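Chains as they are written, first to last, in UniProt numbering: chain A, 1 to 239; chain B, 1 to 239.
Just so you know, the hints here were simulated from the structure itself, not pulled from any lab data. Take these hints with a grain of salt, some might be off.
Pairs involving identical chains hold if they fit within one copy or between any two copies, as the list cannot separate such chains.
[As the list claims (entries may be wrong)] Think about it this way: if two alpha-carbon atoms lie no more than 27 Å apart in a straight line, the pair counts; the simulated DSS-like pairs of lysine-lysine are:
#1 Lys199 / Lys31
#2 Lys14 / Lys57
#3 Lys179 / Lys199
#4 Lys14 / Lys68
#5 Lys199 / Lys184
#6 Lys89 / Lys17
#7 Lys137 / Lys14
#8 Lys89 / Lys137
#9 Lys206 / Lys180
#10 Lys137 / Lys68
#11 Lys31 / Lys137
#12 Lys78 / Lys122
#13 Lys184 / Lys89
#14 Lys94 / Lys199
Treat the numbers as computed from the prediction; the structure is a model and nothing was measured.
2 protein chains.
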Amino acid sequence: MLSKSQLKLITSLKHKKFRQQYGFFVVEGVKTITELLQSSLELQTLFTTQTFNIDAKNEVLISDAELKRISFLTTPNKALAVFKIPTPKPIEDKGLIIALDAIRDPGNLGTIVRLCDWFGVKDLVCSNETVDCYNPKVIQATMGSITRVNISYLNLVEFLKDSSMPVYGAFMEGENIYKKTNLKDGILIMGNEANGISKEVEAFVKEKVSIPRFGSLQQTESLNVATATAILLSEFRRC
Amino acid sequence: MLSKSQLKLITSLKHKKFRQQYGFFVVEGVKTITELLQSSLELQTLFTTQTFNIDAKNEVLISDAELKRISFLTTPNKALAVFKIPTPKPIEDKGLIIALDAIRDPGNLGTIVRLCDWFGVKDLVCSNETVDCYNPKVIQATMGSITRVNISYLNLVEFLKDSSMPVYGAFMEGENIYKKTNLKDGILIMGNEANGISKEVEAFVKEKVSIPRFGSLQQTESLNVATATAILLSEFRRC
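Isolated chain A, as found in the complex (with noise of 0.2 Å):
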């Protein structure tokens, strides 16, 4: 049974305002729940159609109709759980760094937060412009990704000044990726998706790189930012 103001904390929740006043987010759907669980992240409230088994005290039964008062899907899955935003820990001045400068598509993000997993990238560093990990979009794009990578938000010119690992950005006009045979650790910049790299964050750039494009020269559009990201990982690892 649902109560009014659980109701009324679970739609906050939709505004990154409210999730960082109250310090929870929501996660849905039974596999990225139980993901979830499994993981270091606290749990606040479980409120689901039918039991997980879990601590009694944190589970809340409830029925189809409430949850579908509560969830932000068009079709819910189930279960909805409201976990803690857990506080990020310390980046380590080494391995791989992605560094995103203001990232707005939360789609964009989430399927980059699943690259750093897949990739082993620790640390993900977000501009304080960047969209928000604990957004609901962002969370079921990261399929449970989100608990294995160290996601920081920062004003990235700070971060960057106090950094002496080397810098590379991802530019339209960069070096072709594939020539490149010392890439190293270090901080990989990606812009937003409309216009790259600010000019403050690229003054910290010591190597611009580029995705070669095979296509037709009438093409004018560039790599969506997530699919550049996934390319570049790949470079870096590959080698």
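Given the coordinates of chain A, assemble chain B onto it according to the supplied hints.
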């Protein structure tokens, strides 16, 4: 000014059945429409809130309120055009061909069309179970690339039976793509989001390839099919 029959036609084009019946599809947004107007696609009618200065016969000036009524988007973008669905060209038995076995997500198909365009893949072959490429969500995701890739829907098993090209398939347990030095032009098959490549199609695969995972063993998820296509296409082209 929008007529009742125009409103009815456009609304019906949300559905594959009516797109196939009438032979039309819908494109939205000034940028993508402008790109499509410069292609070989045939315009049926352009509904716009400000003139494009094209042949007046095909342009209908409408109000913002009218655009809102016909648009498939939550935030309509100044114009909506109805184009004729082109007849696919014959598939050339050369170069690199991407074949999709029942891809269901419109965003994934749109991203793959865009990748084909970027990497100079002329023919994209879709099993009849694959989502329709004239679905409005696919069209939005392709960003105009749809005009530069020849997309054919067919019985994939029959197509593979008749082809003499090498057949590659993406599998979780395939050979490490980074270790393959002899990738040749051929057909690369990507499978359904949930079930991968079907048994009937798998029978035609000569070389199974996979993208190695670099993260922790804890991970259970595969890469999203669109990002996997990005990485595999990149590997075929970088040779």
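- Compare the structure with the hints numbered earlier in the document and write down the numbers of the violated ones, lowest to highest. Of the numbered hints given earlier, the structure breaks just one, which is hint 12.
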